[in-house]
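Here's the letter readout for the chains.
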Amino acid sequence: MMDGLSRRQGSPAARAIKRFRRHRLAVAGLVVILLLTLLALAAPLLEAWRGVDAEAVNLLARNASPSLAHPLGTDELGRDVLARLLRGGQVSLAVGLAAALVAAVIGTAIGLVSGYLGGRFDAVIMRLTDGVVALPLLPLLIVLAAADPAKLGLAPDLLPPEAQGVLRIVLIIALVGWTTVARLVRAATLSLKTRDFVRAAIAAGAGPGRVMRRHILPNAASPIIVATTLSVGNVILLESALSFLGLGIQPPVPSWGNMLTGALDQVWTAPSLAVWPGLMIFITVLAFNFLGDGLQDALDPRSEDH
Amino acid sequence: MLRHIFSRLIQSAVVLAVMSFVIYSLIGLMPGDPVDLMIAHTPGLTAEDQRRLRELHGLDQPLLGRYLAWAGNVLQGDLGYSRLQARPVLDALLPALGNSLILLVASLAVALAIALPLGVLAAMRPGSVFDTFVNMIAFAGISMPVFWLGLMLIVVFAVLLGWLPAGGVETIGGGGLADRALHLVLPVVTLAVAGTGQYVRHVRAAMIEILRQDHIRTAQAKGCSRRRIVMHHALRNAMIPVTTILALDIGAMFSGALITETVFAYPGMGKLIYDAVMGNDYNLALAGLLLATAMTLAGNLLADIAYAWLDPRISYR
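Read top to bottom, the protein sequences are chains S and W.
No gaps in the numbering here: position 44 of the first sequence is 43 in numbering that gives the first Met the number 0, and each next residue is one more.
No gaps in the numbering here: position 94 of the second sequence is 93 in numbering that gives the first Met the number 0, and each next residue is one more.
Worth double-checking, as some hints may not be accurate.
Reference excerpt, derived from the structure (chain S facing chain W, CB under 7 Å, subset only) [as the list claims (entries may be wrong)]:
1) Gly130
2) Val131
3) Asp147
4) Pro222
5) Ile223
6) Leu236
7) Val266
8) Ala269
9) Val284
What follows is a list of derived Cβ distance ranges for each label pair [what the hints assert, rightly or not]:
10) S/Leu278 - W/Ile9: 23 to 33 Å
11) S/Gln163 - W/Val21: 15 to 25 Å
12) W/Val21 - S/Leu38: 47 to 57 Å
13) W/Leu36 - S/Gln249: 20 to 30 Å
14) W/Ile9 - S/Val26: 46 to 56 Å
15) W/Trp162 - S/Thr268: 38 to 48 Å
16) W/Leu1 - S/Arg209: 46 to 56 Å
17) S/Glu75 - W/Gly167: 42 to 52 Å
18) W/Pro61 - S/Arg209: 55 to 65 Å
19) W/Glu54 - S/Gln249: 44 to 54 Å
20) W/Ala112 - S/Gln249: 53 to 63 Å
21) S/Ile282 - W/Ala85: 40 to 50 Å
22) S/Asn218 - W/Arg216: 48 to 58 Å
23) S/Ser10 - W/Leu100: 17 to 27 Å
Don't read these hints as lab results, they were simulated from the structure.
Just so it is clear, the structure is predicted and the values come from calculations on it, not from any experiment.
Even glycine gets a Cβ: it sits at the ideal position worked out from N, Cα and C.
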C-alpha cells in the first residue's frame, strides 16, 4: 500500500522520466545516439586534428590494414575509413531524423483532420492510406529514387547535386512513411473528440482548428513521439538499403549504405571493408529501437503496474 | 461469410485497379522513354523519325490514354515484351516467381521453427533472464540491415571458410538438387534472421495476452498440467493473431526479399524488379510492381479470411 502511494507521487512528466530511467536499454540507446551525434558533428574537427581528409584519394595506399595513421585502414581508393564512417554518420543520422520528422508532420496533419472531421472525408483518406500501405515498399522506393525530377517540371539545378540527393531521399521516404502516424493519430483523435473536455471546449465556442491544436494534439503526443522514434531506425535502414543499391546517397558523398556497395565489389580482395559501416547501421538502429521501446513504456501510464 | 469474402474481393480489385494507375504514372517518371533508348542505339534517326516513332508507339498520347491502352492489353493477358531479357514479360516473370516462392517458404519455415518455441517459452516467464535474452534476439533481428548480414555471411562462409557459394542459384552448368540447396543456405539464413526477430515479438505478445485470460485460469483451476494449458489452450488461440500477421506480411516479404536477392544475385521477383528499374525495362518493371501489389492485397484478404475462419467469435452476418 505504502509503495503504491509513494509511486504515484510527482507530476506525470516526472513519473514518465522515472519509468524511462528504469528502462536500462532505452537509457543506453539514448546515450549511444547522443554519442554518435556528437561524433558525427565533430567529424570535420577530428579530421583536422588527425590530419586526414575523408575525400582525399591515395592510390598508393589502397585497402591498407589498420595503422596509427588510419585506425580502421583505408578503402579501395585509399581513403581513410574512420573519417568516411563519421562523415557517413552525419548523412545517415540527418536523413533518418529529417525523414522521420517530415513523415510525422504529414501523418499527424492527415490523421488529425481525418479523425476530427470524420464522415466521407475520413473514409476517402483511410482508403488512400490502405492503398499506400498495399504498395510494395522497397520496389516503390526504388522507382521513386530512379524517377527523373525534370519530368515533374522541376528545375534540375535548383540545388547543388549533393543536397539534391539527400533531399530526394528524405522526401520519398516521408512520402511513403506517413501512414503509421496517420493511423495512430486518427485513432487517438476519434476517442479524444468524444471526451468531455473536448466537448466543453466546443461548447465554449472554440473552432475546429483551435480544438485540434490545443486540446487534441497535446493529448495525442505520446503515440506520435513513440512512432517517430521507432521510425528513425526504420528510415536509417531504408536509406542505407537504397544507398547500398546505388539509388540513395550518391558517392563521393559517403553514407553507411554506399560504403557497403564498394565493400560488396571488394569482398574477395578486402573482406574487412564490409564490417564497419554495417556495424554502425546496426548499432544506430538498435539504439533508436530501444529508445522507442522505452519511451512507449514511459509515456503509457498503464505500464506502471508492470 | 461468403458474402463478406465476395465484397472484400471486389474492394481489393478496385484498390488494385487504382494502384495500377499510380504505378503506371510512377514508371512514367523514370528517365527517358522507349524511343529515347532506340535513339541511343540508332544515332542516325532524324527529329522527324523520332516524332513518327513516338506517334507509332502512342507516346504522344496523354497519360490516361496510354494507361488505358496498356491496361486493356494486360487484361487480355498481354504484358508486353521485356527489353532486357528479350522475351515476353510473362516468360521472364514466371521463373522469378518460382525462385522467390522457394526462397520465401524456406526462410519462413526456418524463422517460424525458431520464433515459435522462443516466443512461447519467453511468454511463460515474462521478465525472466530467458525472456530478456529472447527480447534482445528480437531487437537484434529487427535492427539488422539485411544487406550487411548477407555481406557478412558471404565474407565468413564463402570468402574466409569457402564452405558455401557466394551467390546465384546453381553452379554454372548445373549441379543437381544438392547444389541448388547449397546455394539457398545463405539467402535463406539472411531472410530468416530478419523474420525471426519480428515473429518472436508477435508470438510472445500474443501468448502473454492469452495467458492472462479467464479460460486459462479456469483450466488451471480444474487441474490441467502446465504443458497442456500452454500447448492446447493458449498456443492454439495465440496462433490466430500470429497467422493474421503472417498473411499481412506476405506482400512485404515478397518485395522485402529484394535486397537479399540482389546481394546474393538470386534471380527472384525482387531482383527482377530492381534490374528492370535500373535497366529501363518499363514493361517488366510495371508487371513486377503490379504483381507485388497484387500479392500484398491478396495477403491482406487472406489475413481477413483466416481471422474470421480461425476465430469462431467473429461473424460477418
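In rising order, the numbers of the hints this structure does not comply with: 2, 4, 5, 8, 10, 12, 15, 17, 18, 19, 20, 22, 23
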